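Trainee: Below are the chains, spelled out letter by letter.
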Amino acid sequence: MKEIDFANHKALPLDSVPELPAAGFLDTAASLSRAGCRPVQYFGWKHAGRVRLIAVMSDAENGRLKMFRTALPEGGSYPSLTPEHPAFHLFERELHEEFGIVPEGHPSLKPVRYSFDRYNPSETAENYPFYRAASLDSHEVGVGPVHAGIIEPGHFRFTCEGETVHNLEIRLGYQHRGVERLFEAKGDPVKKAVLAESVSGDQTIAHATAYAANVESLTDTRVPRKAMSLRAIALELERMAMHAADLSALAGDVAYLTGNAAYGATRTLIINTLLLVCGNRFGKGLLRPGGTVFDLDKDRIAAVKKILDKVMGDIEIYSEALFTSASVLARFENTGRVAKEDAERYGMVGPAARASGTAVDVRSDHPSDIYKIFPVHKVTMDSGDVFARAYIRYAEIRQSYHFILEQLKSYSTWVESSMKPLGAPHPDCIVTSLVEGFRGETAHTAITGKDGGIVRYKIKDPSFHNWTGLSLALRGTGISDFPVCNKSFNLSYCGFDL
Amino acid sequence: MLEALKARIRHGYQAIPDIRKAKVLDTSRGFPVVAGEIAPSAVKLCTGVCPAGAISPCGKSVSIDMGRCTFCGDCERAAPGAVRFTPAHRLAADSLSKLVVRPGMTARDYELAAVETREAIRRAFGRSLKLRQVSAGGCGACEMELNASGNVNFDMGRFGIEFTASPRHADGIVVTGPVSAGMSNALWDTYRSVPSPKIVIAAGACAISGGVFRDSPALDRSFFGEVKIDLYIPGCPPHPLTIINGILDLIGRK
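Residue numbers (this note's numbering), protein chains in the order written: chain L, 1 to 498; chain H, 1 to 254.
Treat the hints as calculated values from the structure; they're not laboratory data. Fair warning: there could be bad hints in the mix.
[To be verified] If you only want the chain L side, here are some residues facing chain H, beta carbon under 7 Å, derived:
| # | residue |
| --- | --- |
| 1 | 152 |
| 2 | 173 |
| 3 | 264 |
| 4 | 318 |
| 5 | 324 |
| 6 | 326 |
| 7 | 330 |
[Unchecked claim] Derived SDA-like pairs: lysine to any residue, alpha-carbon spacing no greater than 20 Å straight-line:
| # | chain 1 | residue 1 | chain 2 | residue 2 |
| --- | --- | --- | --- | --- |
| 8 | L | 306 | H | 14 |
| 9 | L | 191 | H | 214 |
| 10 | L | 191 | H | 77 |
| 11 | L | 310 | H | 9 |
| 12 | H | 6 | L | 60 |
| 13 | L | 409 | L | 323 |
| 14 | L | 186 | H | 47 |
| 15 | L | 191 | H | 47 |
| 16 | H | 23 | L | 276 |
| 17 | L | 310 | H | 25 |
| 18 | L | 298 | H | 25 |
| 19 | L | 372 | L | 60 |
Small disclaimer: the values here were computed from a predicted structure and weren't measured. Here a beta-carbon is modelled for each residue, glycine too, at the ideal position from N, C-alpha and C.
Taking the hints into account, I'd like the entire structure generated from these sequences.
Mentor: In structure tokens form, the structure reads like this:
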């Protein structure tokens, strides 16, 4: 047995995950990649004097996940997977940064985020090895960490010839808060839900759901049916709100101010729906391991439906105007193209991948219970440009709207309490939860120790895969198209920096 | 063209007419009212359940430090009757000590004392205030609410308060996030690039106290130890009305 086959949200005894010799581990990763599987997690865990390398890959076709592992000494090495399977590139850089593991032959073994407990503290942000163009005709443009708008910090280094961008190098790490270590600290798992809500604020529900699902699986807690429903409603509200915010920002970046204002006001309506449901515009405080803290009564169900009907009516009219405006289309179409092959090779996820024709969506590939009962069909587009990444947001808003209406119809038939008490967590287990946030595949993996406490917590925000996509989109594009390309991805800095 | 007109008409006029009198939905968790006397078991429950370490015993009840509070409501549910979150949204204060809500305090008591307008700030910035935002480990939520403060609904620009792209054009900075070590230098650089006189505003629990990240070794909060902060805006994240009304109080606008 080379790998163990398991399902999303399902805790396994750590012993059941085959520990392979390094060569067998690499063979498994490579052959699964060749068979169309995609790395979901690949991380290290220092345990008993060695670094355990744990890989989770997604077999989307069969709706299964594969896990396998090996062990290396700290500072050890192995032949890199990246040259043949670039989807591993950033995972391998992360292993190098955190444990000194050298993937030999990795084409770009650079720091990732300068985590405070990195293996080599002499690697500092000041000596980041930026690419340099040898040509005298090229010049560099540096932007950030502090940007012109009210957004998170990161550094962009453009290598240009005239106005054309040859390469965009993205240097992150400014936002690193040591989040994973805080999950591993002793303490009540319910309290840590607040931490999960702040991994990346715009994906509050996605990260909180992934964390809660891990804790529930480790404690054998079956979430009440109505809590499943309300969590999914909140996740889709988050998607609608952020997609509307992104359409607003995209319109703003091409100076289409009606769209900028109108979608922005629509987002206000959607997040005020979350405020109505749970007292916070981002859904903070809505869910905890065990279920949801809030419930919907008949009046509230009617109120939510009424607001969403208005929202969808607005979105239809604003989108009709946006996507038929010649000046908007002139800026959106053919700008910042990412080819399907590249999206697949680099393991892109979420709407950015789907806009390039790559059909990845956790909701249908690895559905949790509620998405099994109410399936979501994947929306894809072919052109891979800003237009596709904008239009797919509109299409997904419609989809989420209909999904929520279905949930609201049946919600009041579920009468049990929305919250269940947690049991004791199983010791020596590992669990991975994938949630399709508005930005894409959000993955949390937890490992418990002898007393059932969390000894390793690994978070992967979809931005981890997709920042590379933004870089690819910029190649050969005019530098003045950077803002609109950037907004069309809308990636998280703190979700990446952790 | 017709589509654009239809969109414009549908959008209409959405600005909240009077920001000073505007209310937030009743479900919203704003100012927490703490009962004057609660059972010792309730004191234990409240202090024990708080994920932010914001609740401390105080007399025969507890106090809540809004500089740490994430307004999650877990204490309200753990010990019914001890703490009650109200929709009162005027939460900003001009000092850390004022952010502590003591037993029996009403939202009205709090608001009256929370922000004292300093004449120098009113004279310099009362009619125009340009701010530069620095996210220093912020999760994006505070940033989005600061953005929302300028959107068509809240329209902070009507008061002459706007965010600038360059610190050179700003009268002050708004800091969000717990200040990750990686952002410490950039925060100082931005602060120093703003010409004097200048103000500093800390928005959100993370900026004010480190929030849920306060115990992380990946932070460098030296900035907050050395620079005078003129306004603290609590919340996780603060509501746009909390942000705008706090700033208006600071600059002495009626």
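Trainee: Sort out whether residue 47(H) lies within 20 Å of residue 186(L), counting only the CA atoms.
Mentor: Within the cut-off at roughly 17 Å; holds.
Trainee: Holds or violated: residue 310(L) with residue 9(H), Cα cutoff 20 Å?
Mentor: 15 Å, holds
Trainee: For the pair supplied as a hint, residue 191(L) and residue 77(H), confirm whether the alpha-carbon distance does not exceed 20 Å.
Mentor: 14 Å, holds
Trainee: For the pair supplied as a hint, residue 298(L) and residue 25(H), is the alpha-carbon distance within the 20 Å limit?
Mentor: Holds, at roughly 18 Å.
Trainee: If you draw a straight line from the CA of residue 6(H) to the CA of residue 60(L), is it 20 Å or shorter?
Mentor: Not satisfied, since the Cα-Cα distance of roughly 42 Å exceeds 20 Å.
Trainee: Holds or violated: residue 23(H) with residue 276(L), Cα cutoff 20 Å?
Mentor: 13 Å, holds
Trainee: Have a go at the residue 326(L) hint: is there a Cβ in chain H nearer than 7 Å to its own Cβ?
Mentor: Where the cut-off is 7 Å and the nearest Cβ of chain H is about 10 Å from residue 326(L), the hint is violated.
Trainee: Restraint: residue 264(L) near chain H, CB-CB cut 7 Å. Satisfied or not?
Mentor: This interface hint holds because 5 Å falls under the 7 Å limit.
Trainee: Under the criterion that the straight-line Cα-Cα distance not exceed 20 Å, is the pair residue 191(L), residue 47(H) satisfied?
Mentor: Cα-Cα ~12 Å, so holds.
Trainee: Holds or violated: residue 324(L) as interface residue toward chain H, Cβ cutoff 7 Å?
Mentor: 5 Å, holds
Trainee: Is it true that the CA of residue 409(L) sits at most 20 Å from the CA of residue 323(L)?
Mentor: 32 Å, violated
Trainee: May I ask you to test the interface hint for residue 173(L) with respect to chain H, counting a Cβ-Cβ separation under 7 Å as satisfied?
Mentor: 5 Å, holds
Violation of the numbered hints given earlier is confined to hints 6, 7, 12, 13; the remaining hints are satisfied by the structure.
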